[in-house]
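Protein chains: 2
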Amino acid sequence: MSSMGEDEEVSSFFESSPPLKKMEDILQKLNGFIEHNSSGGGRRIVCVTSGGTTVPLEQRCVRYIDNFSSGNRGAASTENFVKAGYAVVFLYRSGTCQPYCRSLPDDPFLDCFQFLDNTNIQVHSSHVEAVKMAVMDQQAAVAEARLLKLPFTTIYEYLQMLRLIATALKDVGPCSMFYLAAAVSDFYVPWNSMTEHKIESGSGPLDIRLAQVPKMLSILRTTWAPKAFCISFKLETDAKILIDKATKALGKYKVHAVVANELSTRKEEVVVVSSSGNVVVRRDSDKPESIVEDNLIRLIVDRHSTYIKESHS
Amino acid sequence: MSSMGEDEEVSSFFESSPPLKKMEDILQKLNGFIEHNSSGGGRRIVCVTSGGTTVPLEQRCVRYIDNFSSGNRGAASTENFVKAGYAVVFLYRSGTCQPYCRSLPDDPFLDCFQFLDNTNIQVHSSHVEAVKMAVMDQQAAVAEARLLKLPFTTIYEYLQMLRLIATALKDVGPCSMFYLAAAVSDFYVPWNSMTEHKIESGSGPLDIRLAQVPKMLSILRTTWAPKAFCISFKLETDAKILIDKATKALGKYKVHAVVANELSTRKEEVVVVSSSGNVVVRRDSDKPESIVEDNLIRLIVDRHSTYIKESHS
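Those sequence lines, one after another, are chains A and B. Everything in the first sequence is counted per my numbering, starting at 1 for the first residue and increasing by one. Everything in the second sequence is counted per my numbering, starting at 1 for the first residue and increasing by one.
One thing to keep in mind: the hints can contain errors.
Because identical chains cannot be distinguished in the list, a pair is counted as satisfied if it fits within a single copy or across any two copies.
[As the list claims (entries may be wrong)] Below 30 Å or equal to it, Euclidean Cα-Cα: the simulated DSS-like pairs (lysine-lysine) are:
{"no.": "1", "residue 1": "Lys132", "residue 2": "Lys287"}
{"no.": "2", "residue 1": "Lys170", "residue 2": "Lys287"}
{"no.": "3", "residue 1": "Lys248", "residue 2": "Lys309"}
{"no.": "4", "residue 1": "Lys132", "residue 2": "Lys149"}
{"no.": "5", "residue 1": "Lys287", "residue 2": "Lys83"}
{"no.": "6", "residue 1": "Lys267", "residue 2": "Lys149"}
{"no.": "7", "residue 1": "Lys309", "residue 2": "Lys227"}
{"no.": "8", "residue 1": "Lys240", "residue 2": "Lys149"}
{"no.": "9", "residue 1": "Lys227", "residue 2": "Lys132"}
{"no.": "10", "residue 1": "Lys240", "residue 2": "Lys21"}
{"no.": "11", "residue 1": "Lys132", "residue 2": "Lys248"}
{"no.": "12", "residue 1": "Lys22", "residue 2": "Lys309"}
{"no.": "13", "residue 1": "Lys22", "residue 2": "Lys227"}
{"no.": "14", "residue 1": "Lys132", "residue 2": "Lys252"}
{"no.": "15", "residue 1": "Lys252", "residue 2": "Lys227"}
{"no.": "16", "residue 1": "Lys170", "residue 2": "Lys254"}
{"no.": "17", "residue 1": "Lys132", "residue 2": "Lys21"}
{"no.": "18", "residue 1": "Lys29", "residue 2": "Lys245"}
No lab work stands behind these hints: they were computed from the structure.
Make the full structure from the sequences, and use the hints.
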């Protein structure tokens, strides 16, 4: 692999990927959504990616490597983008946190409801507000074509769908944004070198060799959607190396900002690293319901406004 | 590791595991549940395990290896055991399929409900039966103390909780059952040899060495709960080796039956492998709502009845 150029690595990744299911269906939904929002109202469109990707270890997949991500950041950011007037393509890992559902209990069908009669469910008073928000706000956003939800599971699905979305958003130009909060695997087992059947256990330790996933961010910036405003994320568990890594990513991928998170404090504060300096964004600790995404999206939307103005001048 | 005995490997696994959180709380619930069902009514108690286990690759876990399992088998079996009069300890992977919720859509809050006013939700007519079943049957089973749900995520949590449950059920003797449908990882990274921080990417391929998880099934049978009726599962993607592997597991772990599944046909049929021969169990293909678990649990319950009779004679 080391002798291949970056473009070649990317082509080779896509060529060896199992093809996306229901691609026609996804494209149709996507194009309708973009058409409705950009041509009609000239609305800004953001693609929010959310949750972790899986890396299958077997073609008939029983085992896989996964990246931890609840999807809370992506879901909360999506709500804030909708509130700020954006249309959101929410590209999310199946089963992760959904917009407007963050404050529901883990087991909502057991904990939220009681039955009155055959068709009417009474919501327990302690959960009325959370359930109301989950059902009403989400349905409203989808009904107004302000929210398009597209699920993925594997790294293969994620990257193919990201390419589809980026290509479809190309003509929206500076009014489009990529907000790449998903935790994308850095390593994978190339499909062609993967074992077909379940790996056998029973004879000592197992050695796995994982190849690096080619970095798609450069291609997104240079080829797929070069005029889109682009925000990437960097998560580390070691605070000492976080800002340095985020700064390197900013230079390498030429994104407009990198949101730096440390695993243990990520719900309290993040650092927005950009060419105009580093800004610490905190949640309003005097308001219990405040989340860091309220202030983060405000800052990102301001930056996007400036970017759009500068692009048109 | 190869010079260690089986018991030593098991002790070493538990000693190096991160301790279970809320253990006191789990034990209290568990003992109350067992007391209520065994002493009071002399009810049979089954521990159904369900879903896959994760294997962290880092102590401050960002990446992990996971086993595919929707939890559908465990959830459907739990419903059938409750129907057959059993009390069920449902030891399930967080986020997997729940009993009575199998026929809900993926995104129930978006697809099932519409609002009438601030507290009343109208269920769309297409989902009335599914939602009614999800809410009513589940709440009834929990309210009657017939269903105790205990979630896990990692292999460390799963095995520690299984040990707790088995030890707590020891006195229930032949009236207790283990129905081990969870997809437990065969390999893991020992906690002590694990990197603390996120594995760095950026410099070529990644090599991972995984150790074998010690087989707990023998210890469950010989030490934790030797009188319990015990059913284990074997999943393969290659039909050619499935029955052979299931037969070997039957002999090695001295369980009362092994349910053999092939990944692609597991919703249509399974083979129950036991010392009295192999029985193919199919769903009733002339009834669209029939599932293989309806017939499987009927067979298992019959076998358990015979086992209890023989134990008392």
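Each hint, compared with the structure:
In this homomeric assembly, Lys132 and Lys287 come within 30 Å of each other (Cα to Cα) only inside a single copy, at 21 Å, whereas the closest approach across copies is 38 Å. Taking the shortest alpha-carbon separations for Lys170 and Lys287, neither the intra-copy value of 39 Å nor the inter-copy value of 50 Å comes in at or below 30 Å. Only within a single protomer do Lys248 and Lys309 lie at most 30 Å apart by alpha-carbon distance; the minimum there is 27 Å, versus 70 Å between protomers. Taking the closest pair of Cα atoms, Lys132 and Lys149 come within 30 Å of each other both inside a single copy (20 Å) and across two copies (26 Å).
Taking the closest pair of Cα atoms, Lys287 and Lys83 come within 30 Å of each other only inside a single copy of the chain (19 Å); across copies the shortest separation is 48 Å, beyond that limit. In this homomeric assembly, Lys267 and Lys149 come within 30 Å of each other (Cα to Cα) both inside a single copy, at 24 Å, and across copies, at 29 Å. For the identical chains of this complex, Lys309 and Lys227 are intra-copy neighbours only, at 13 Å inside a copy versus 75 Å across copies, given an alpha-carbon limit of 30 Å. Proximity of Lys240 and Lys149 under a CA criterion of 30 Å is satisfied in neither setting, with 36 Å inside one chain copy and 41 Å between copies.
Neither within a single protomer nor between protomers do Lys227 and Lys132 lie at most 30 Å apart by alpha-carbon distance, with minima of 38 Å and 50 Å respectively. Within a single copy, Lys240 and Lys21 get their C-alpha atoms only as close as 42 Å, which misses the 30 Å cut-off; across copies the closest is 29 Å, which meets it. For a Cα distance limit of 30 Å, the shortest separation of Lys132 from Lys248 qualifies neither inside one copy, at 43 Å, nor across copies, at 54 Å. Within a single copy, Lys22 and Lys309 get their C-alpha atoms no closer than 38 Å, and across copies no closer than 54 Å, so neither meets the 30 Å cut-off.
Taking identical chains as interchangeable, the C-alpha atoms of Lys22 and Lys227 lie at most 30 Å apart only when both belong to the same chain, with a minimum of 28 Å there against 51 Å between chains. Taking CA atoms no more than 30 Å apart as the test, Lys132 paired with Lys252 passes in neither setting, with 44 Å inside one copy and 54 Å between copies. In the homo-oligomer, the alpha carbons of Lys252 and Lys227 lie at most 30 Å apart inside one protomer (17 Å), although the nearest pairing across protomers, at 63 Å, exceeds that limit. For a Cα distance limit of 30 Å, the shortest separation of Lys170 from Lys254 inside one copy, 17 Å, qualifies, whereas the shortest one across copies, 62 Å, does not.
Taking the shortest alpha-carbon separations for Lys132 and Lys21, neither the intra-copy value of 34 Å nor the inter-copy value of 32 Å comes in at or below 30 Å. When the C-alpha separation of Lys29 and Lys245 is checked against a cutoff of 30 Å, the pair qualifies neither within a copy, at 37 Å, nor between copies, at 46 Å.
Figure legend: structure checked against the earlier numbered hints; hints not met, in rising order: 2, 8, 9, 11, 12, 14, 17, 18.
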